[in-house]
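Trainee: Residue numbers (our numbering), protein chains in the order written: chain A, 1 to 114; chain B, 1 to 111.
Among the hints, erroneous ones may be present.
Listed below are the simulated DSSO-like cross-link pairs for lysine-lysine, each with C-alpha atoms no more than 30 Å apart in a straight line [to be verified]: (1) LYS98(B) / LYS24(A); (2) LYS58(B) / LYS98(B); (3) LYS68(A) / LYS78(A); (4) LYS49(B) / LYS24(A); (5) LYS98(B) / LYS78(A); (6) LYS69(B) / LYS98(B); (7) LYS98(B) / LYS68(A); (8) LYS68(A) / LYS24(A).
The calculated label-pair distances, taken between Cβ atoms and stated as ranges, are [to be verified]: (9) LEU46(B) / VAL114(A): 33 to 39 Å; (10) GLU66(B) / GLU18(A): 43 to 49 Å; (11) GLU83(A) / GLY62(B): 39 to 45 Å; (12) GLU14(A) / ASN68(B): 48 to 54 Å; (13) ASN50(A) / LEU51(B): 19 to 25 Å; (14) PRO18(B) / HIS10(A): 36 to 42 Å.
Simulated from the structure, these hints should not be mistaken for laboratory data.
The beta carbon of each residue, even a glycine, is placed where N, CA and C say it ideally should be.
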Amino acid sequence: DAGVIQSPRHEVTEMGQEVTLRCKPISGHDYLFWYRQTMMRGLELLIYFNNNVPIDDSGMPEDRFSAKMPNASFSTLKIQPSEPRDSAVYFCASSPGTGYTEAFFGQGTRLTVV
Amino acid sequence: AQSVTQLDSQVPVFEEAPVELRCNYSSSVSVYLFWYVQYPNQGLQLLLKYLSGSTLVKGINGFEAEFNKSQTSFHLRKPSVHISDTAEYFCAVSNTDKLIFGTGTRLQVFP
Numbered sequence: 001d002a003g004v005i006q007s008p009r010h011e012v013t014e015m016g017q018e019v020t021l022r023c024k025p026i027s028g029h030d031y032l033f034w035y036r037q038t039m040m041r042g043l044e045l046l047i048y049f050n051n052n053v054p055i056d057d058s059g060m061p062e063d064r065f066s067a068k069m070p071n072a073s074f075s076t077l078k079i080q081p082s083e084p085r086d087s088a089v090y091f092c093a094s095s096p097g098t099g100y101t102e103a104f105f106g107q108g109t110r111l112t113v114v
Numbered sequence: 001a002q003s004v005t006q007l008d009s010q011v012p013v014f015e016e017a018p019v020e021l022r023c024n025y026s027s028s029v030s031v032y033l034f035w036y037v038q039y040p041n042q043g044l045q046l047l048l049k050y051l052s053g054s055t056l057v058k059g060i061n062g063f064e065a066e067f068n069k070s071q072t073s074f075h076l077r078k079p080s081v082h083i084s085d086t087a088e089y090f091c092a093v094s095n096t097d098k099l100i101f102g103t104g105t106r107l108q109v110f111p
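Same shape as in the complex, but just chain A:
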């Protein structure tokens, strides 16, 4: 397996535009996580899915953020409208189980909103 694949690796967009980040988890993994990494706040868990169902979205900062997982091999994180304070590295991770199991991370999408 190629690991967790995220696209794009880099995204530069203007304030107010819609941004969509994509993630392909490792095949067979039941859990998918979206994290945001910034210098100020470190790694924040935004939302996670179990078997394509959102379980906890309490980390999603505001209604401008939304995430979907239409099938076991694809997830999106959408920001609309984007703002400069959304600039960060967004990571997707997947895991075969919960609690004691390892999460496997993608290489991240560096988002810059100007």
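Add chain B to chain A, keeping to what the hints say.
Mentor: Here is chain B on its own, set in the frame of chain A:
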């Protein structure tokens, strides 16, 4: 609720010197503990984890960590660091579905 505190944001050290990166956690129930490493422009990868049993856990690249329940700590150690160990290190805790990370410690190894 669980939380993780990494006491040092940066740790500078010379090559071949020992290093300890500190991590304390807070949880009202039993937890699983992890250390992840992030190299520049990369995602995170697992160094080691504590699930149960022996409190001394050995991981990849010569790292080890010790779980101390009374002090609620899970400090990461390496007896002799290399330049290639320069990276960001994250402590994490989980007892359910969520993996909660600390703010990270930047280890800078100098020649």
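Trainee: All hints are to be evaluated individually against the structure, with a verdict given for each.
Mentor: Results of checking the hints against the structure:
This hinted pair checks out: LYS98(B) and LYS24(A) have alpha carbons roughly 19 Å apart, not beyond 30 Å. Of the pairs offered as hints, the one joining LYS58(B) and LYS98(B) holds, with about 23 Å between alpha carbons and a cut-off of 30 Å not exceeded. With a C-alpha separation of about 8 Å, the suggested pair LYS68(A) and LYS78(A) falls inside the 30 Å cut-off, and the hint holds. This hinted pair checks out: LYS49(B) and LYS24(A) have alpha carbons roughly 25 Å apart, not beyond 30 Å.
Restraint check: the Cα-Cα separation between LYS98(B) and LYS78(A) comes to about 21 Å, which is no more than 30 Å; the hinted pair holds. A hinted pair counts as satisfied when its Cα atoms are at most 30 Å apart, and LYS69(B) with LYS98(B) qualifies at roughly 20 Å. Taking the CA atoms of LYS98(B) and LYS68(A), the gap is near 18 Å; set against the 30 Å cutoff, the hint holds. The hinted pair formed by LYS68(A) and LYS24(A) meets the criterion: a straight-line CA distance of about 12 Å does not exceed 30 Å.
Evaluation of the 33 to 39 Å hint for LEU46(B) and VAL114(A) yields a pass: the beta carbon distance comes to about 35 Å. Checked against the hint of 43 to 49 Å, the C-beta distance between GLU66(B) and GLU18(A) comes to roughly 47 Å, which is consistent with it. Remark: the range hint 39 to 45 Å for GLU83(A) to GLY62(B) is upheld by a beta-carbon distance near 43 Å. Between GLU14(A) and ASN68(B) the Cβ separation comes to about 50 Å, which falls inside the hinted range of 48 to 54 Å.
Checked against the given bound of 19 to 25 Å, the beta carbons of ASN50(A) and LEU51(B), roughly 20 Å apart, stay inside it. The beta-carbon spacing between PRO18(B) and HIS10(A), approximately 37 Å, falls within the hinted interval of 36 to 42 Å.
In this structure, every one of the numbered hints holds.
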